[in-house]
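Protein chains: 2
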Amino acid sequence: MAVSPFAPTSFPHLPPVAGVRLAVGQAGIRYKDRTDVLLAEFAEGTHVAGVFTRSLTASAPVLACRDSLKGGTARALAVNSGNANAFTGSVGVASVERVMETCAGLIGCDASEVFTASTGVIGERLPDDKITIALSGLKKNLAEDAWEQAARAIMTTDTYPKMATRTAKIGGVSVVVNGIAKGSGMIAPDMATMLAFVFTDAAIPQAELQALLSEANDATFNCVTVDGDTSTSDTLLLFATGRANNPAGDTADFRRALHEVLHELALHVVKDGEGAEKFVTITVTGAESGSAARRIGMSIANSPLVKTALAASDANWGRIVMAVGKAGEKADRDKLMIRIGGVSVAKNGEPDPAYRESQVADHMRGREIAIEVDVGVGQGRATVWTCDLTHRYIDINGSYRT
Amino acid sequence: MAVSPFAPTSFPHLPPVAGVRLAVGQAGIRYKDRTDVLLAEFAEGTHVAGVFTRSLTASAPVLACRDSLKGGTARALAVNSGNANAFTGSVGVASVERVMETCAGLIGCDASEVFTASTGVIGERLPDDKITIALSGLKKNLAEDAWEQAARAIMTTDTYPKMATRTAKIGGVSVVVNGIAKGSGMIAPDMATMLAFVFTDAAIPQAELQALLSEANDATFNCVTVDGDTSTSDTLLLFATGRANNPAGDTADFRRALHEVLHELALHVVKDGEGAEKFVTITVTGAESGSAARRIGMSIANSPLVKTALAASDANWGRIVMAVGKAGEKADRDKLMIRIGGVSVAKNGEPDPAYRESQVADHMRGREIAIEVDVGVGQGRATVWTCDLTHRYIDINGSYRT
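Chains as they are written, first to last, in the numbering used here: chain A, 2 to 403; chain B, 2 to 403.
Read the hints as simulated data drawn from the structure, not as lab findings.
Hints should not be assumed to be uniformly reliable.
Just so you know, same-sequence chains aren't split out, so a pair can sit in one copy or run between any two.
Said to hold, decoys possible - Lysine-lysine pairs mimicking DSBU-like chemistry, simulated, CA-CA at most 30 Å apart: (1) Lys-131 to Lys-71; (2) Lys-131 to Lys-170; (3) Lys-71 to Lys-331; (4) Lys-33 to Lys-131; (5) Lys-336 to Lys-131; (6) Lys-348 to Lys-141; (7) Lys-336 to Lys-348; (8) Lys-71 to Lys-336; (9) Lys-33 to Lys-336; (10) Lys-131 to Lys-348; (11) Lys-33 to Lys-140; (12) Lys-348 to Lys-170; (13) Lys-331 to Lys-348; (14) Lys-140 to Lys-348; (15) Lys-140 to Lys-71; (16) Lys-33 to Lys-141; (17) Lys-71 to Lys-33; (18) Lys-131 to Lys-331; (19) Lys-170 to Lys-336.
Throw the hints in and build the complete structure from the sequences for me.
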């Protein structure tokens with residue numbers, strides 16, 4: 002498969018996170034000659050926070066994670082790629098339990114402290130025997146520096162591994178925030194699934210950790226879209242080992258670092274979106290509220306007519322008007338303002354008399370497109386990120402099994 | 002442009018409707034060597050009902066129609082293709098007024114009894130002078146039998162004209178219901194717009210006419226989708242001249258005929274959808290309500306992952322599970338049932354053990370695909386219709402202006 006034109010030429014170096022050790026292995030679930038299982042071990046007392054898909058047909062691992070999250074602590078994370086263990090009924094639930102129990106035995110913890118994620122085919126029974134055998138061999142390999150290996154093991158049809166790192170200060174003590182993610186390559190043969198795991202040595206109470214994660218997720222992963230489809234398996238987990246031994250204190254800088262890590266990972270998910278040739282930033286202002294602005298932005302970002310125009314480098318702003326109109330959020334037609342690449346194309350509900358299409362032609366032909374829309378009714382604003390809809394999207398999603 | 006594989010080999014003959022006369026002309030708005038203006042004249046006392054786009058950026062003609070509808074009577078309809086008169090501000094409003102006044106002068110009625118619809122480019126000033134000149138020449142050509150010409154004049158990138166006719170009895174008297182529509186060819190260079198006009202000689206009070214139209218629309222045009230995008234110009238108008246002189250009576254048979262005409266037109270819109278190679282019927286049962294069932298059906302019908310799988314003749318039912326899960330309506334994961342072409346592929350929240358993909362291979366390769374989903378929580382049911390997402394959709398929508 003062709004690598005995304007947005008693939009970075011080099012990957013960031015992720016430093017160790019005190020209290021986190023990683024190992025990867027080959028269970029042979031679906032892929033040959035590559036790793037497909039990740040085991041992470043966490044120090045005792047590690048707090049965990051999570052955000053999951055809102056799908057009503059969520060996978061068995063998502064249901065188990067939601068349940069384990071009630072305890073608030075984590076000792077292990079086990080991830081496999083190649084099979085989503087979704088729509089697998091009671092058999093799938095039992096598979097998750099076996100994986101959790103195997104990890105609990107390896108690490109020496111309660112099964113409820115083990116979190117799992119699976120990504121890949123829907124509706125096929127998880128070969129949990131292969132996974133538990135592979136996991137059992139990994140304990141001796143656990144290491145502090147296996148970040149890139151971890152990011153690669155969770156890939157499905159991602160064309161490059163996704164990693165980000167930041168440091169922050171809490172109460173004068175430096176803490177690390179590392180994140181890895183997999184994204185919107187098609188999860189053969191089913192759907193784009195987003196998995197992201199973030200690890201920090203910060204000591205932060207569980208309730209605050211959850212609040213920080215939910216807030217950061219809302220401004221990052223919840224603001225990106227490839228095709229508007231929602232996976233049964235989307236999972237974001239944040240593990241905080243506390244081994245930095247920072248005092249309780251102002252978490253504003255940690256909040257900034259967490260946001261930056263999630264932001265960087267979320268943008269990689271879009272840039273490695275199925276068939277993506279253009280990366281599109283849509284900023285909506287003047288909406289009734291921030292969530293109204295995001296819904297308008299998502300209406301533009303998910304419109305097939307907008308996305309096909311972008312793929313063709315066509316500054317077809319009439320389709321943006323259409324997508325604003327269908328979003329179902331308040332907008333003042335007679336104050337609507339649209340800019341493309343910083344050039345005013347429409348204002349006061351009419352085409353800008355000064356606008357000439359040649360002004361935006363170069364911008365439209367570029368890799369990164371900026372769209373700004375002001376809907377003229379309030380102060381709400383939001384930015385969402387998406388990619389274009391290309392022939393390769395259809396090839397990737399149509400040709401897999403036939 | 003290639004004609005839809007679903008284009009009928011012959012068109013139905015639409016009989017005259019007493020009190021309706023039609024004429025078409027060439028205003029040269031956008032298209033060369035074809036008609037692009039339709040004028041319809043209605044007998045005095047004609048009642049009118051309408052349903053319009055819910056877009057908040059509705060076009061100037063839609064706003065004018067909504068306003069005129071308050072009067073409840075109609076004497077003329079003027080439609081142009083090639084320019085949507087949308088997002089044209091106060092200039093656009095003035096253009097509609099000039100068209101209405103011209104028709105009022107021709108027919109000898111109040112401007113508020115003239116209905117207009119425009120379809121085509123967004124954000125370009127309507128050349129209303131060309132339209133009023135063309136309309137002025139049409140009065141002498143008004144005729145009872147110009148139905149196919151009318152259906153052709155309102156086309157944009159439709160690949161065939163869309164017509165349907167039925168008869169019904171009210172109080173023992175026979176009435177005619179004729180309909181014409183244009184659909185989801187791309188409205189160069191902007192968006193798929195649906196316009197439909199229905200004409201009957203039935204005598205039906207305006208309030209009842211509106212209720213009948215809203216109900217029939219809800220089960221037909223509101224249940225079809227091509228790409229989930231919503232036009233600024235969608236317009237459905239029903240004109241009832243009363244010239245059949247039927248007594249007031251049970252309108253059940255008229256209701257049936259109206260439903261059938263709208264159903265036939267709506268299905269033509271899907272079958273002539275942009276790039277459509279497959280016609281897909283999705284029936285959802287077991288939902289909490291009829292509207293919940295429709296939302297689940299639309300979530301499946303609008304999913305790019307489902308639509309690309311259909312284009313590839315791939316029975317990828319995992320994507321149907323995903324689309325049910327993201328619909329936001331109640332569904333019992335452990336009772337979910339899916340059938341494709343009548344074959345059970347999943348039941349009780351798991352793949353059907355008896356299912357083999359070969360059982361549906363022939364069905365998936367065919368032109369018409371049937372998907373049934375039962376979500377296991379109630380009695381709500383709905384059927385929606387859609388088409389697949391093909392390379393040609395991207396070509397049509399991406400390549401127009403570049």
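Hint check:
1. Lys-131 to Lys-71: within (29 Å within a copy, 69 Å between copies)
2. Lys-131 to Lys-170: Neither, since 42 Å and 69 Å both go past 30 Å.
3. Lys-71 to Lys-331: Classified as between; 24 Å across copies, 38 Å inside a copy.
4. Lys-33 to Lys-131: Within. Shortest intra-copy distance 13 Å satisfies the 30 Å Cα cut-off; inter-copy 66 Å does not.
5. Lys-336 to Lys-131: between (60 Å within a copy, 29 Å between copies)
6. Lys-348 to Lys-141: neither (64 Å within a copy, 42 Å between copies)
7. Lys-336 to Lys-348: For Lys-336 and Lys-348, the Cα distance is within 30 Å only inside one copy (6 Å; across copies 51 Å).
8. Lys-71 to Lys-336: between (47 Å within a copy, 27 Å between copies)
9. Lys-33 to Lys-336: neither (56 Å within a copy, 35 Å between copies)
10. Lys-131 to Lys-348: Between copies only: 27 Å across, 60 Å inside.
11. Lys-33 to Lys-140: Answer is within: at 22 Å inside a copy they meet the 30 Å cutoff, but 74 Å across does not.
12. Lys-348 to Lys-170: Neither: 44 Å inside a chain and 52 Å across chains, both beyond 30 Å.
13. Lys-331 to Lys-348: Within one copy only: 17 Å inside a chain, 41 Å across chains, cut-off 30 Å.
14. Lys-140 to Lys-348: So Lys-140 and Lys-348 fail the 30 Å test inside a copy (62 Å) and across (39 Å) alike.
15. Lys-140 to Lys-71: Within one copy, since 26 Å is at most 30 Å while 75 Å is not.
16. Lys-33 to Lys-141: within (23 Å within a copy, 76 Å between copies)
17. Lys-71 to Lys-33: neither (36 Å within a copy, 68 Å between copies)
18. Lys-131 to Lys-331: neither (53 Å within a copy, 35 Å between copies)
19. Lys-170 to Lys-336: For Lys-170 and Lys-336, the Cα distance exceeds 30 Å both inside one copy (44 Å) and across copies (50 Å).
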